[in-house]
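All chains should be built: construct the whole structure from the sequences, respecting the hints.
Taken in sequence, the protein lines are chains A and B.
Heads up, the first sequence is in numbering that gives the first Met the number 0, so the first residue is 0 and it goes up one at a time.
Heads up, the second sequence is in numbering that gives the first Met the number 0, so the first residue is 0 and it goes up one at a time.
Note that these hints are calculated values from the structure, not bench results.
Keep in mind the model is a prediction, meaning the values are calculated, not measured.
Incorrect hints may appear among the rest.
[To be verified] Just a few of them, taken from the derived set where beta-carbon distance is under 7 Å, the chain B residues facing chain A:
{"id": "1", "residue": "T38"}
{"id": "2", "residue": "S321"}
{"id": "3", "residue": "A357"}
{"id": "4", "residue": "T362"}
[Claimed, not checked] Here are some of the chain B residues that sit facing chain A, going by a computed Cβ distance under 7 Å:
{"id": "5", "residue": "A243"}
{"id": "6", "residue": "A244"}
{"id": "7", "residue": "V358"}
A virtual CB, placed ideally from N, CA and C, is assigned to each residue, including glycine.
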Amino acid sequence: MSGMPARLGDLAKLIRSKNAGPFWITFDIMFATDSDFERVVQADVLTRDWIAKVWQRDVKDIVLVALPQARAIKFSFPRRPVQGDPGEMDQYAGQQYAPLIDLEIT
Amino acid sequence: MSIRIYCPTGAFGLGFLDSSLERAVSMKPDVIACDGGSTDSGPFYLGAGQPKMSREALVRDLRRLLVARDRLQVPLIIGSCGTSGIDAMVDMMRDLAVELACELGLSFRLATIHGEQDREETAARFDRGCIQALPGAPSITRDDILACEHIVGMMGVEPIQAALEGGADVVLAGRATDTALFAAMPLMRGLPPGPVWHCAKTIECGAICSTKPVGDGVIADIDETGFEVEPASLEAACTPLGIAAHTLYENADPILIHEPGGTLNTGGALYTALDSRRTRVEGSTFEHAPCTIKLEGSALGGYQTIAIGGVRDPLILRQLESWTDGMMAFFDTRVKELTGLTLGKEVLIDISFYGRDAVMGKTEPLAGEVGHEVGMLFTVTAPTQKLANTVCRFVTHMGSHWSIPEWDGFISAIAFPFSPPEIDRGPVYRFKLHHVATDIRPDELFRTQFEEVGR
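Below, the structure is given as structure tokens:
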């Protein structure tokens, strides 16, 4: 099916978000096969600019890494609010990944 | 030389299978270590000084591990006692251990390591410029430090090693890095820091690095060139992919992982399957850096009263924003009249809509799409519980009768499932300190006591 557009949610075996300490949020995208991983990396749509736009963050705050050994892509940025501060609605930051699922991979 | 470490579970009190414990004991580990704390559950546990796990859960795990340790005659190390690792939690675990020893007829040399910090001394350290913000942390003032209910220092391996060198059979430590608990003995025995720290990072969450990420344990062997890891349960496996992927978990950066005495670099690590259940890892390195000690502090952030309700009227649902804007503007003046306090300063009123954007807030891409009903959460935060309750009672009453232009007359707009709708939530806390102390000795903030238990 390579070549047909697909959603990141279809290609990944796991997409999750989580606190990395009270000041950071981190997102993991894991793949079952090297080809799915490579396809997403090559498509180059999951970029720091796209992340900054979706989560309304400054692009310079975003750390993005692809890890072939783990067949995973990971990104992180400072969490606002700080965990537990007024306005907190997701103490573990576990449900912030939803926009990734529909990201189109060409 | 190699050292075998058993981590029974990712969080002390979470439990583990008896069959896994039995198997691990039969493999004769050189040390049993387990982490009992985290800031992941929020600032409450440090601020309020309460454990996340119940006393029953702590006793159940402690009982089984004290017996296992006694059978093996190896050290048992438990860190970040009682979630936050404050002194009172170390003392609570000490008391549990002494009670259990008495009940079970066990004897051991116990070391407790306290690491709670004095506010004034910490503020003085701040004044000297020896407290630095970690990336992402907001800036702090002296007053933020003085406002903390509790401050703990997060120990590395050194205080734990000193306890082991002092002959401790059981070490109950205050706040410690998860990895230090597992790295302490192998480093003491001279194993290289790259494999040791990477192994510690891998096993500190117990079976989360395995194919069955439930409350259970793992066993690791560290040697001169690498480490090998397998789940304590025969039902689970540690695969190269899973072990490599575990470096991602709860870390902002999966390659460079910071510890009190330096940085682990997993960039060159090679993960190899030994068989279907075991993985070997080689190639990680560790670069030493000047010692820093992380400080965690949590301060009271007021008291909360909440209320839960729902809206079904489609006319209201299509104007939720203007409906609540009108309500909030009214609250603004009335809160001042009612309490003398200013909304947005001393008193906070938050209204969130489940079904619209409660989970993602302003980053919700589908905030314009609302279903046929939404859930409302009112959260009032005020300096006292009484004030929070007073304001919340007013808010739920006025809010539920707040009308829209389409209706002419008095309405009841919010379906409350409970009477009274208001629920007092008690104190809320905020992380104030999550910073590092610099220019410091590794043992400077920690105090160790030895005692003979059951002898």
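Against the structure, the hints:
1. T38: Given a least distance of 6 Å, the restraint on T38 of chain B holds.
2. S321: It is violated, given that the least Cβ distance between S321 of chain B and chain A is near 21 Å, above 7 Å.
3. A357: Because about 6 Å separates A357 of chain B from the closest Cβ in chain A, which is inside the 7 Å limit, the hint holds.
4. T362: Interface hint status for T362 of chain B: holds (5 Å vs cutoff 7 Å).
5. A243: holds (4 Å)
6. A244: With a closest approach of 4 Å, the A244 of chain B hint holds.
7. V358: Given a least distance of 5 Å, the restraint on V358 of chain B holds.
Violation of the numbered hints given earlier is confined to hint 2; every other hint is satisfied by the structure.
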